[in-house]
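Novice: Single-letter residue listing:
Protein chains: 4
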Amino acid sequence: MNAHAILLISCQDQLGIAAKVTCFLAQYEGNIVDIDQHVEDNKYFMRVKWSLAKFGLAREDIKKRFEQEVASHLTKVDYQLYLTDKTPRMAIFVSKSSHCLFDILARRESYQVEIPLIISNHQTLAPIAKSFDIPFYYLAIDKKNKLEMEKEQLALLKKHDIDFVVLARYMQILSASLIEEYPKKIINIHHSFLPAFPGAKPYHQAFKRGVKIIGATSHYVTSQLDEGPIIEQDVARVSHSDSVKDLIRKGKDLEKIVLSRAIYNHLNCKIITHKNKTFVF
Amino acid sequence: MNAHAILLISCQDQLGIAAKVTCFLAQYEGNIVDIDQHVEDNKYFMRVKWSLAKFGLAREDIKKRFEQEVASHLTKVDYQLYLTDKTPRMAIFVSKSSHCLFDILARRESYQVEIPLIISNHQTLAPIAKSFDIPFYYLAIDKKNKLEMEKEQLALLKKHDIDFVVLARYMQILSASLIEEYPKKIINIHHSFLPAFPGAKPYHQAFKRGVKIIGATSHYVTSQLDEGPIIEQDVARVSHSDSVKDLIRKGKDLEKIVLSRAIYNHLNCKIITHKNKTFVF
Amino acid sequence: MNAHAILLISCQDQLGIAAKVTCFLAQYEGNIVDIDQHVEDNKYFMRVKWSLAKFGLAREDIKKRFEQEVASHLTKVDYQLYLTDKTPRMAIFVSKSSHCLFDILARRESYQVEIPLIISNHQTLAPIAKSFDIPFYYLAIDKKNKLEMEKEQLALLKKHDIDFVVLARYMQILSASLIEEYPKKIINIHHSFLPAFPGAKPYHQAFKRGVKIIGATSHYVTSQLDEGPIIEQDVARVSHSDSVKDLIRKGKDLEKIVLSRAIYNHLNCKIITHKNKTFVF
Amino acid sequence: MNAHAILLISCQDQLGIAAKVTCFLAQYEGNIVDIDQHVEDNKYFMRVKWSLAKFGLAREDIKKRFEQEVASHLTKVDYQLYLTDKTPRMAIFVSKSSHCLFDILARRESYQVEIPLIISNHQTLAPIAKSFDIPFYYLAIDKKNKLEMEKEQLALLKKHDIDFVVLARYMQILSASLIEEYPKKIINIHHSFLPAFPGAKPYHQAFKRGVKIIGATSHYVTSQLDEGPIIEQDVARVSHSDSVKDLIRKGKDLEKIVLSRAIYNHLNCKIITHKNKTFVF
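Chains as they are written, first to last, in this note's numbering: chain E, 188 to 468; chain V, 188 to 468; chain S, 188 to 468; chain Y, 188 to 468.
Just so you know, the hints here were simulated from the structure itself, not pulled from any lab data.
Positions of the beta carbon are idealized from the N, C-alpha and C atoms, including for glycine.
Reference excerpt, derived from the structure (chain Y facing chain V, CB under 8 Å, subset only): (1) S285; (2) H286; (3) F289; (4) A293; (5) S297; (6) S318; (7) R436; (8) D440; (9) I444.
If you want the footprint, here are the derived chain E segments under chain Y, 3+ residues with CB under 8 Å: (10) 197–205; (11) 218–226.
This is chain E alone, in the form it adopts within the complex (with noise of 0.2 Å):
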């Protein structure tokens, strides 16, 4: 596999951008496979990918020189560096249901990912997480002690290096203090067409008001619940002939493939929020 360098650029809006990038990687023969742009509320969004192979810049170089002649002759600058032979370290946070870890952990090796961890409220999928070589940590939460055992689930993602965090129907509401920890980097699958069924037992409002299509939503995890920045979306066509455990079985496989896609554009370095949005370029 070719490395690749990717950069998430976000700026006041201004003439002139797109070249001073451009020309920047083309001094020194980065060759672009991505390009693209977006403005919104008066700011400029830019992600761009480029080939490491014939680049003129060691990777340790890249980010002092891109600050030097092109972010500080930007207004309002801000910007990541990504290098996609860098593999990230993802943690899975599950409850009982076992579809969405089947799911995510089937698709491990297309990934390219590190899973150092799995971490529950419960014990039900530990044999799932053996079968798959992966540590499994069971953190009993209640009433009393969820601030103090979200003290040890944050220990053990510091102490495993964890880049982001995937509730994978994760039954638990994080504190905030967690999520501050990792802003933008905890990603949740809500099982409802977000905004609407927000909250508990979503197929359940939804066989309740007889809607014809049901969907599910990953969103970025914040303080507001089901309010974070939504990533992905798919929906199902239902009809009045489906019992509410229908449908559970039809939204458990959009649960998964959302979730899916969403991980798999964290992790490609696709996504750039803004507000309470995402552009997923």
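Given the coordinates of chain E, assemble chains V, S and Y onto it according to the supplied hints.
Specialist: Below, chains V, S and Y without anything else, positioned relative to chain E:
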């Protein structure tokens, strides 16, 4: 075209309902072309459609005989009989947007429906009505004259013997008094995937929330705004690069198609309502 | 779980079939939970499912009585009886791709099915079979030993009393002699939207043709390659920016979901085949 | 409306193309609103759209300067320049079906396009043309006079300075000689999910094959029937209970929506063709 009869039946769930209905039809040589049933909340719902070609009862006797031989033996029964050679009469309400009106009128011939009039609170679409030779009534509604104007609307509907009303992006909220005259007989199209984004400016709401899919919802009008039984929904994928204007453009295609499917199902007597849901057979 | 019986009936179209069947069930207090019919080519097809809870016939008498009281009065009749408390036995054939196998096994509990064995022409997926505690038979097939190997496959299927076979991306073409042993009992997943792109490397074909949507098709295997009755299809949107590798990645999700729906419909006795089509009730 | 310019560029893949183009635009204060690129077969394709509001070159000088300052430094380059304030001129060809024609005309205002004429081999749709005040030319084509009639068609297109042609369910095959006059400028809608069911009566073919999904395909016309570069496709779910008539009814909605999207993309200069594919930016 071969004439058919359709019965929509609901009653308390009990043994042998389908047998009673199908034996009644078999006895008079009614060849069943469609049969569907659904059970919910301990209630039984059935739609059965049969050919009148060799049917042994005269049209005017069907209801009486069905009452005597079937319905009177069922508990808490309710039913409607429709004959496909009796063309229903539909009124269309519009405001300024033309896309749904055009779409309905363009498929007028395929629908088998009479459209005796179009009612509007603006004069904008009068030329379209004229080009299709349909009488157009302009009733300017403001805050003060609303109830008075609705009386005129109602008088027109009664005068033209209207069976059901289609709100083709009619931008006025109907009063409960008008709705009660046509229970489950007024079809609206809402430009969002309900229950997400009810009320005003759903595309602006969708843009702000950053959803990845937009939708449209056709439903029967009740006195609760955007809360009536949903008949049909559909969705379209969007991305961050779609402006509000793009959402409106893409949404218009959804609106007209979803509304036309709801009209088709209503015209073909495929819909039974129960509580706040539809069963579309 | 309440036990149910299902009858799949086909016969020459004639008056009163539904009446005969429903009266038969009503007479023995069989509460009908699903009833569907379809007429095509002057033939009548019916699926009826009823509760055995209060049904007045013993399981072993249903067939005889149905034959005497209903079937013998119908022309050119054919029917199958299924009991939902008899768990069907499914064999899975695989090669090297794991995504469909994982997906099937991950939903094993929700399926209500026995999986006595997995057969493969490669050893690649043996560890997955082992982690799910399912016997794995490796039968290396080459051009010379094909018929011999198929005899071994058939012996295994017979020995394990297999009801139906799922080809979960099994990359060998079955001989007609094997197919004939399991008519309409072998389910395949083809990685294209048939009849587009039959045969080898459909994603490469799709990329070359520049289609904007890819698909997957699940069908019963017949001796005509990729020509058997289609059970289920689904599609995903792609664009010019998707490489063949991207098509394969997106297609894998389609394949596993489409295959799982076909298995679900087969397991729930929802499918009647006629000529080269399926009616999925 | 702010005026913009669009460049569609293709050339041999080489380092620094994006830099050359964006620097050229930045130099004259052209604010880029869209930028997209794609690499395939060692060729580079780019679409860039910029505002003319403060652009430092006069409209008539852009091409010359771009040639001198950018294109002449690229290998095997090809490019087109479009100005959004120059309204394109579209001819529509129809036969007897009205649904696509209605749909196009109903959105005429939103399209920003001139429609100087409609050409047909039947008189059926003349009244629709009249109601929209568009000249309608009836040219009765039979086997003997085809080339002669096509000469008249061509003369009309030339006389009215037509930029591109839309075949809105025009049921005649164009001769290669006519197609060559408008390469990649004639848009057709085929009523199937190509490459499935090319040629005549695709809905009948789809019914016979028993597919679970039908589709429509819009493509540029080439001398190979139904083989031209695909611009847009979409699909709808069907079931065994849909007759051929139902497929046609559902398909008509697909056809008109898919065709309208293709026209939209063509009008907005979003399409580059390469070999037999389109890149829709």
